[in-house]
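Those protein sequences? They're chains A and B, same order as listed. So in this note's numbering, spot 122 of the first sequence is number 122, and the numbers just go up one at a time. So in this note's numbering, spot 84 of the second sequence is number 1084, and the numbers just go up one at a time.
It is worth saying that the hints were derived from the structure and are not from the lab. Owing to the predicted nature of the structure, the values given are computational and were not obtained by experimental measurement. The reader is advised that the hints may include incorrect statements.
Said to hold, decoys possible - Using 27 angstroms as the maximum straight-line C-alpha spacing, the simulated DSSO-like pairs for lysine-lysine come out as follows: (1) K1006/B with K1102/B; (2) K60/A with K1015/B; (3) K64/A with K1015/B.
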Amino acid sequence: MDNSFCSCKETLAIATVPIQQWCEPYPWETALYEGTIFPSINLLFFKAPLSTEPSKSSCKKSEKETLLDQIYAISFAVNDLTLYLDTHPDCLNGTKLFYQLIKKRVDLLTEFSDKYEPLTQFSMGIEPYDTSIYNWSEGPMPWEGGNL
Amino acid sequence: MWCYEKRLQFPVNIKTTCPKTAQLIISQYGGPDGELSASMRYLSQRYSMPVKKVGGLLTDIGTEELGHMEIICAIVYQLTRNLTEEEAKTAGFDAYYIDHTKGLFPQAAAGVPFTSLEFQSKGDAITDLFEDLAAEQKARTVYENLLRVITEPDIVAPLKFLRAREIVHFQRFGEALEMTKQQLNAKNFYYYNPEFDKK
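Just chain A, same shape as in the assembly (with noise of 0.2 angstroms):
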């Protein structure tokens, strides 16, 4: 990546805080449960469980809530590396990815409104223009959590 800006000399009488540097990323899924994409900034509470990821043997999920899941850990995935990336903006390694990511979340956000409803007005289909497909207020919403 590049350093330009990492002439972060020690002043007296202000603080640094080192640049990060790239690191290969967590999996989408564990991402989320940790809090961050990058393994080098998760600095665990010696008080909270290691994973806070639901066990997978657990009730089967239905297909609207895997897909649900799969646009919660890439949507996080872009959230955090969209913050790397404002400070980093010239790391390559990151923007592929942010390319990739983003790619794959549209993808995700129109499977679920073509299949159930939309999340976003972005993903709505855009013909025909009919009342009867009109279903931007229809789902649950986000904070009654459970039951889709």
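Fit chain B to the supplied structure of chain A, relying on the hints for placement.
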């Protein structure tokens, strides 16, 4: 402009009613180091930031904090949605219930309502970035205080996620500080205020 996406940033599925826990967690909605305060702080500071990319970072983190506010509100809502009259009286939620029933209201765990004094916007890039670094640490401490007293896995998972975000944001603000220092006089970062003095 903001676009709404109809899902939380991190899923919240709480089955058990627990008004006492809600009354503690609500601090991260309207308390001094809560998510409302965080989002308003960053979204207010960004306008006058001298380094454009730092204004961009404040926008993106401020936006994420709005999503965190929604996660906290969803936790409080789910912990109280099936509250019975008996629980309203006895479960450590009575004072809140009298004023707000089960409605969401931004306040600290001790009942102090949200006040804009809880977020700082000082109009000096160095000062504001140190405020932001400290804010992330304060919020981390609150999440750790919550994680010491809450063990229910459905509640722990989002709290653990939110705590991890505080550390990531601290790192990003640290990098923003380095970007800002690069634009200043390396011999004396305090020679002038880049948000006010024309240099």
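Evaluated hints:
no. : hint                 : result
1   : K1006/B with K1102/B : holds (22 angstroms)
2   : K60/A with K1015/B   : holds (18 angstroms)
3   : K64/A with K1015/B   : holds (20 angstroms)
Consistency note: the structure conflicts with none of the earlier hints.
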